[in-house]
Amino acid sequence: MIEIENVRKSFGSLEVLKGINLTVQKGEVLTIIGGSGSGKSTLLTCINGLETIDAGRIVVDGTDVHAKATDLNKLRRKLGIVFQQFNAFPHLTVLENVMLAPRKVLGQSKAEAEAMAVKQLTHVGLGDKLKVYPNRMSGGQQQRMAIARALAMSPAYMLFDEVTSALDPQLVGEVLDTLRMLASEGMTMICVTHEMKFAREVSDRVAFFHKGVMAEIAPPETLFGAPKDPELQNFLAATH
Amino acid sequence: MFDTALTLADLGFLAKGAAMTLAVTAVSVLAGTVLGVIFGVVRNQAGPYWSIPLTFLLDVFRSVPLLIQLVLGNAAQSIMKLGWAPFTTSCVVLSLYTAAYCTEIVRGGISSVPLTTRRAARSLGMTWWQDMRYIVAPLATRVSLPSWIGLTLGVMKDSALVLWLGLIELLRASQILVTRLQEPLFILLICGAIYFIISFPIARLGGYLEKRWSPND
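Line by line, the protein sequences are chains Y and E. When we follow the UniProt record's numbering, the leftmost residue of the first sequence carries the number 1, and every step to the right adds one. When we follow the UniProt record's numbering, the leftmost residue of the second sequence carries the number 1, and every step to the right adds one.
Looking at chain Y on its own, in the form it has when it is part of the complex (with noise of 0.2 Å):
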């Protein structure tokens, strides 16, 4: 479970986050929408304590990540984070960006870790690309590999920051079609998106942020089809 209490952010003189709060429980699915500049992004990686946070506390299954005695480097382990970029690892094959971490990590053995990864990459559709290095590969491709990246972890949550905004349009498709393979499966999921068809599919509630505040919450259902909020309501009536 993550619970987010109060949580309030700012970079200099601009509070991105205005006090959030929200629980997310294993296996669900929550996606979050809003403009650019909400804070919907910087959310996620304080959830895993990339960014610090100013008040207020954020909580994974019982610990506190931004408290002082908190293990950051094995936090992470349990929250797999894929960003707008793909930051593939390009001095390396497909294959060993999947084992990299869970061998030096994890100290898992070169096999223990290369089927691992084999499987992986398999699930998200790479199996034939093991031997290739990620520049050779398309967007859509590297974006997968990443997701397995994450997953070779054998995280508890993932968490998805716009993952499919800086790909082409024709390459979309695949890489939301891996998530929702990953939410059908029962991955607790965070999913900061562009893609509202998507958000409306596969999410349990979809949360919608405004200038650092979270302006509403609920199934998609109600948000889409009956949004009380009004920024909500310009909001998707500019996106439709």
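You may find that some hints are simply not true.
Said to hold, decoys possible - Here are the simulated EDC-like cross-link-like pairs (lysine to aspartate or glutamate), alpha carbons at most 16 Å apart as the crow flies:
(1) Y:K74 / Y:D64
(2) Y:K74 / E:D131
(3) Y:K104 / E:D3
As the list claims (entries may be wrong) - Beyond 10 Å from chain Y on every Cβ pair, some chain E residues (computed):
(4) T4
(5) A19
(6) L22
(7) L30
(8) Q45
(9) R62
(10) Q69
(11) S78
(12) L124
(13) G125
(14) I198
(15) F200
(16) E210
To be clear, the hints were calculated from the coordinates, so they are not data collected in a lab. Treat the numbers as computed from the prediction; the structure is a model and nothing was measured. For glycine and all other residues, C-beta sits at the position ideal for the given N, C-alpha and C.
Given chain Y's structure and the hints, the job is docking chain E onto it.
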């Protein structure tokens, strides 16, 4: 017909000079690179404010002519009664000179690795050290290699200045022969050829590594 007084023994004398050039260069580049990597990482980690003293010191080594550094370094070691041999003094000064340049090369290499890539590594639970070792080091090395090869070749030629401390390296050996045989053009031609022969493999090694790594990125 071409006629020369240069003997095989003289060529051996030049070869010994070349060996001294190589020795000074090898020690200085090795020590300078180790220091440069350490300083480069420190400069990158410490941020602009804390690295001001280090940056200032390195700027001094980069802007004062090497010859002056050698003479002052030698004077300093004698004033401090360190009793260093000219070879030691030469290597210490040249190492610091190399480190000053190498620091900038390393710093540039490290900052060429996209922050997002490093965040991805840390997100997978890697420690700062693992990120440095498995992601930053290989990527930064690729970017820095051409400049580092250039620096090494530069130091090899600049090392001729240690003759001022009395070391008989390649250029000094040539000078001695020129004085004795009075055949400056021919001897300097040979001297230049030797510099080329010892530089060429280093340049080629750089080219080879660049080519080997390039299909991957």
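The output says T4 of chain E does not contact chain Y. Does that hold with a beta carbon cutoff of 10 Å? holds, 52 Å
Reported absence of L124 of chain E from the contact zone with chain Y (all CB gaps over 10 Å): violated, 4 Å
Does the no-contact call for Q45 of chain E survive, Cβ to all of chain Y over 10 Å? holds, 17 Å
G125 of chain E and chain Y, when compared Cβ to Cβ, separated by more than 10 Å: violated, 4 Å
Going by Cβ atoms, does L30 of chain E stay more than 10 Å from chain Y at every point? holds, 24 Å
Chain Y versus A19 of chain E - minimum CB to CB distance exceeding 10 Å, so not interface: holds, 37 Å
Cβ separation check - I198 of chain E to all of chain Y, threshold 10 Å: Since the minimum Cβ distance to chain Y is about 31 Å, I198 of chain E lies beyond 10 Å and the statement holds.
Does L22 of chain E really sit off the interface, with its C-beta more than 10 Å from all C-beta atoms of chain Y? Given a closest Cβ separation of 31 Å, the condition holds.
Given pair status - D131 of chain E, K74 of chain Y, alpha carbons within 16 Å: It holds: about 15 Å lies between the C-alpha atoms, which stays within 16 Å.
Claimed clearance of chain Y by Q69 of chain E, with the beta carbon kept past 10 Å: Q69 of chain E is indeed farther than 10 Å from all Cβ atoms of chain Y, at 37 Å.
Does the no-contact call for E210 of chain E survive, Cβ to all of chain Y over 10 Å? The claim stands: E210 of chain E keeps its Cβ more than 10 Å from every Cβ of chain Y (closest is about 13 Å).
So R62 of chain E supposedly isn't at the interface. Is its beta-carbon more than 10 Å from every beta-carbon in chain Y? Non-interface label on R62 of chain E holds, nearest chain Y Cβ at 30 Å vs cutoff 10 Å.
When held up to the earlier numbered hints, the structure conflicts with 3, 12 and 13 and fits the remainder.
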